[in-house]
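Got chain X; can you put chain E on it based on the hints?
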Amino acid sequence: MEAFQNRFYLNFIKDDRWQYIWDGLGVTLKVTFFAVLLGILLGFLVAVVRSTNEKTGKLKFLNFLAKVYLTVIRGTPVVVQLLIIYFVIFGSVKIDKVFVAVLAFGLNSGAYVAEIFRSGIMSIDNGQFEAGRSLGFNYVQTMYHIIMPQAFKNVLPALGNEFIVLLKETSVSGYIAMQDLTKGGDIIRSQTYDAFMPLLAVAAIYLVMVMIFTKLVGILERRLRSSDH
Amino acid sequence: MKKRMLSILLAAVCVFALAACGGDGGSSDDAKGDGKDDAKKEERQVLVMATNAEFPPYEYYEGKEVVGIDVDICKAIADELGMELEIEDMAFDSIVAAVSSGKADFGAAGMTVDPDRAEQVNFTDTYAHSSQVVIVKKGSDIATPDDLEGKGIGVQLGTTGDSFADDIEGATVERYNKGFEAVQALSQDKIDAVIIDREPAKEFIKEAEDLVILDESYTEEDYAMIVAKDNDELLEKINGALKNLKDSGKLDEIIGKYINSEE
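Chains as they are written, first to last, in our numbering: chain X, 1 to 229; chain E, 1 to 263.
FYI, nobody ran anything at the bench for these hints, they're computed from the structure.
Where a beta carbon is used, it is the ideal one built from N, C-alpha and C, also for glycine.
Just to be clear, a hint being listed does not mean it is correct.
Within a straight-line C-alpha distance of at most 20 Å, the following computed DMTMM-like cross-link-like pairs (lysine to aspartate or glutamate) qualify [claimed, not checked]: (1) K138/E <-> E209/E; (2) K151/E <-> D96/X; (3) K14/X <-> E119/E; (4) K97/X <-> D189/E.
Taking CB as the label site, the calculated pair distances span [said to hold, decoys possible]: (5) M211/X <-> D125/E: 49 to 57 Å; (6) W22/X <-> K206/E: 38 to 46 Å; (7) N6/X <-> D232/E: 21 to 29 Å; (8) D15/X <-> E84/E: 38 to 46 Å.
Looking at chain X on its own, in the form it has when it is part of the complex:
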C-alpha cells in the first residue's frame, strides 16, 4: 500500500505533475468540442448536397466535390491528415496547434457525420416526402419540417457513437507535439518511467468522459422519443 502511495505521489503530486493531465484534459475537451461543431456543420452540408442530388438529380458539381471529400478523408488515416495539415498545408507558418487539431479532426469527423446524416435522410420513406410536397411545401420546407426532424432522431445513436470515436481519436494529437490528455500522461511517463499510473489515470479519464457523454445522448434520445406517441 505504501508503495502504491509512493508511486501515486511520484506520478501526480511531485513537481505538480497532475497539471500535465489537467491541462491536457482541457486541451482534449476544447479540441473535441470545436471539432464536433465543425464536423456537424460540414457533415450536415455534405449530407444535404448528397441526398438532394440523389432525390432530385440537381447539384451535380457540389455532389462531385462532396464525393471527392468523402473519398479522400475516409480513405486516409486521421494521424496522417493531422500531420499533413500541420507540416504541409501550414508548412511555413507559426500556427496555433489547437486550431490545426480542430481543423483536422473536424474535417475528418465531417465525412463520417455526412454519411450518418445521409443514411438518416434516405431512411425516411419517400411517402413522407411526397406528402409534404402535396401539402404545398417546397423541397426545402419539406426537408426542414418533415424529413429532418425524423431523420435526426434516427441517426442520434450513430451520431453519438461518432463523437465518442472522435473524442478518443484526439489522443493522436501528440504527434504534432500538442499536449492533450494522452500526451500529458506520456510526459509524466517520460519523467517518472512508470507506465502503470499515468496510463491508467488517462484511461480512466477518457472512460468517465465517454460515460458522461453516453448518458447525455441517452437523455436526448429519450426526450426526442417522447414525441413518438
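Below, chain E without anything else, positioned relative to chain X:
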C-alpha cells in the same frame, strides 16, 4: 434509472480495482519472471538491446538495418561476451521502462547519465561524451542559451533536452515524439529553437541550410548504457567489455568512424 447508473459505476470501479491489483501483482511477478527470462536468454546467447533508431549518428536506419555508434559498440560487446545482439527499436521515452521491466536486457541510445533515470535503472560506465546544443534559424535573435527565456523551444519527449527546457523561465516547451520533427517545426518557424544532443543536431542540420547550432552548448554530459537494477551480473559483464574496448582503442575507432573529429 438511478440503479442502473449505480451499477454501471460500480462495475467500472470493480474493473479498475481489478486492473489495479492485476497490474501491481503483475509487476512483482514480472520482477520474479525476469531472472528466469534472463537465464533463458543467456542459454540462447541472445542479448536484447533497446534503442530509439532516430538518433543519428548513434543509431539510425540504413535500409532495413539499425546502424550507428551505439550499435557497433554493442555488437563489439556482444562479441566479447560471446552472445548474439538483437536490437529492439522503440520510442525513446519507453527505453527505461523496457529495461526496468525486463522486456530488453539493456538499453543503449545515446542516453545521458542522469539521477532521475538512475532511480529506475543502473548505468554502466560512460562510453561517449556529448553536449546539449541549441539549434536556431539563421539570423535569429537567440545568440546564447541565455536568450532562450520566454521562447518556444522544441525537444524530443523524455530526452535530457526536455528536462532542461522545462526549467527555462517563461519558455513554452513543445515535446515532439521524434527529434527530427522538432527540427522540422523549427525550420517551419513554428518554434524558436530546438535543444538536442550535439551529434544528432549536426546530422539534422545537414539537410537544412537555414539552421545553425549555437557555438555555446547548453550543457556537457556523458552517455552510458542502462541495465535493470537487479541485473548486476550483466552490468559487470558490460562494464568489463567496455573497458576492454576502451583499452584496445576499438571504442575510439568506432566513434571516429561516424564522427569526424575535425573540430
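Of the numbered hints stated previously, which ones are contradicted by the structure, given in increasing order? The structure conflicts with no hint, since it agrees with every one listed earlier.
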